Amino acid sequence: MSPGLTHGRAVHYDEAVAAMKAALDGGANFWNGGTFKTLIAEGQIGSYGLSEVKADTVRRAHAVHPIGAVEVELSLFSRHALLGQGSVVETCRELGIPVVAYSPLDRGWLTGELKRRQDLAPDDYRHGFPRFQPGNFEKNVRLAELVADLARARGYTSSKVALAWVKRQGAIPIPGSTKAKRVEENCKEVVLSDEDVEALQKKVDEVEIVGHRYPELFHEHLEM
Numbered sequence: 001m002s003p004g005l006t007h008g009r010a011v012h013y014d015e016a017v018a019a020m021k022a023a024l025d026g027g028a029n030f031w032n033g034g035t036f037k038t039l040i041a042e043g044q045i046g047s048y049g050l051s052e053v054k055a056d057t058v059r060r061a062h063a064v065h066p067i068g069a070v071e072v073e074l075s076l077f078s079r080h081a082l083l084g085q086g087s088v089v090e091t092c093r094e095l096g097i098p099v100v101a102y103s104p105l106d107r108g109w110l111t112g113e114l115k116r117r118q119d120l121a122p123d124d125y126r127h128g129f130p131r132f133q134p135g136n137f138e139k140n141v142r143l144a145e146l147v148a149d150l151a152r153a154r155g156y157t158s159s160k161v162a163l164a165w166v167k168r169q170g171a172i173p174i175p176g177s178t179k180a181k182r183v184e185e186n187c188k189e190v191v192l193s194d195e196d197v198e199a200l201q202k203k204v205d206e207v208e209i210v211g212h213r214y215p216e217l218f219h220e221h222l223e224m
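Residue numbers (full-length UniProt numbering): 1 to 224.
I should point out that these hints are in silico values taken from the structure, not numbers from a laboratory. Computed from a predicted structure; not experimentally measured. Just so you know, even glycine gets a beta-carbon here, dropped at the ideal spot from N, CA and C. Check the hints yourself; a few may be wrong.
Cut-off 20 angstroms, straight-line C-alpha distance, at most; resulting in silico cross-link-like pairs (SDA-like, lysine to any residue) [said to hold, decoys possible]: (1) 167 with 199; (2) 139 with 150; (3) 21 with 37; (4) 139 with 113; (5) 160 with 128; (6) 54 with 216; (7) 181 with 113; (8) 202 with 142; (9) 37 with 59; (10) 139 with 181; (11) 203 with 169; (12) 160 with 210; (13) 160 with 188; (14) 37 with 66; (15) 188 with 178; (16) 167 with 12; (17) 54 with 68; (18) 115 with 143; (19) 21 with 46; (20) 188 with 139; (21) 167 with 96.
Pair by pair, the computed Cβ-Cβ distance ranges are [claimed, not checked]: (22) 188 with 124: 24 to 32 angstroms; (23) 84 with 15: 34 to 42 angstroms; (24) 15 with 222: 29 to 37 angstroms.
Taking the hints into account, I'd like the entire structure generated from these sequences.
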């Protein structure tokens, strides 16, 4: 579980971190809640967020103190947070917790720019991720192609469709980019119709995504 800091007043980040560290040094932990809630009441931190947690963890944490937001990986490629009764997204919706979706373009898959493994620079970190491995890439790129086809037919880009789909799930997408042009593009609103969402679902159902979203080294830190 990864708690985050948000500011309830004009507090410098270092000051907030120092307050949290002092509380931890004094024997506080998240689950006993006392000092943590005091820091929020005093305005030393505004709230807290969780990232990569299970639904049960969300419920347990929310019982200690209301959660500011829960961050999940969510995209047309990574839909695990939506699946099953009592999913993380469903639990957050029930408890009134905002859901923040990181990697909504799934590390570039849904930009429409990846067509071959050779499109990745030799030193690209994604070479180490399972979905980009030889054999897996060639199968997974099929979903990217299907989304691109639908986007083109609607007069949109792949990224706009992908972000709009995330919003339709009730989440706030936070795409990353190293290019100002992409940031501007991703900020342009696109609203998908029910027919668009249904068409996307049919395309998603056509492709089985191969490979975990992270290398095995990171698995123990996911969905805690």
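query: Taking only the CA atoms, is the gap from residue 188 to residue 139 under or equal to 20 angstroms?
result: Violated: residue 188 and residue 139 sit about 30 angstroms apart, past 20 angstroms.
Notebook entry, point to check: When you check the alpha-carbon spacing of residue 21 and residue 46, does it fall within 20 angstroms?
Noted result: Roughly 16 angstroms separates the two Cα atoms, so the pair holds.
If I claimed the Cβ atoms of residue 188 and residue 124 lie 24 to 32 angstroms apart, would that claim hold in this structure? holds (27 angstroms)
Given pair status - residue 143, residue 115, alpha carbons within 20 angstroms:
It holds: about 11 angstroms lies between the C-alpha atoms, which stays within 20 angstroms.
| query | Between residue 167 and residue 96, is the straight-line Cα distance small enough, at 20 angstroms or below? | reply | Measuring from Cα to Cα gives roughly 16 angstroms; hence the hint holds.
- Message: Between the alpha carbons of residue 160 and residue 210, is the straight-line distance 20 angstroms or under?
- Response: violated (24 angstroms)
Holds or violated: residue 160 and residue 188, Cα atoms, limit 20 angstroms.
With a Cα-Cα distance of about 8 angstroms, the restraint between residue 160 and residue 188 holds, given a limit of 20 angstroms.
Checklist line | Hint check for residue 222 and residue 15 - Cβ pair distance inside 29 to 37 angstroms | finding: holds (31 angstroms)
- Message: Need the status of pair residue 37, residue 59: alpha-carbon distance at most 20 angstroms?
- Response: Since the Cα atoms of residue 37 and residue 59 sit roughly 17 angstroms apart, the hinted pair holds (cutoff 20 angstroms).
Run the distance test for residue 21 versus residue 37: straight-line Cα separation, threshold 20 angstroms.
holds (14 angstroms)
Satisfaction of hint between residue 178 and residue 188, Cα-Cα up to 20 angstroms: holds (17 angstroms)
- Item | 20 angstroms limit on alpha-carbon distance, applied to hinted pair residue 139 and residue 150 | holds (18 angstroms)
In summary, the structure is inconsistent with hints 5, 10, 12, 16 and 20 from the numbered list given earlier, while agreeing with the others.
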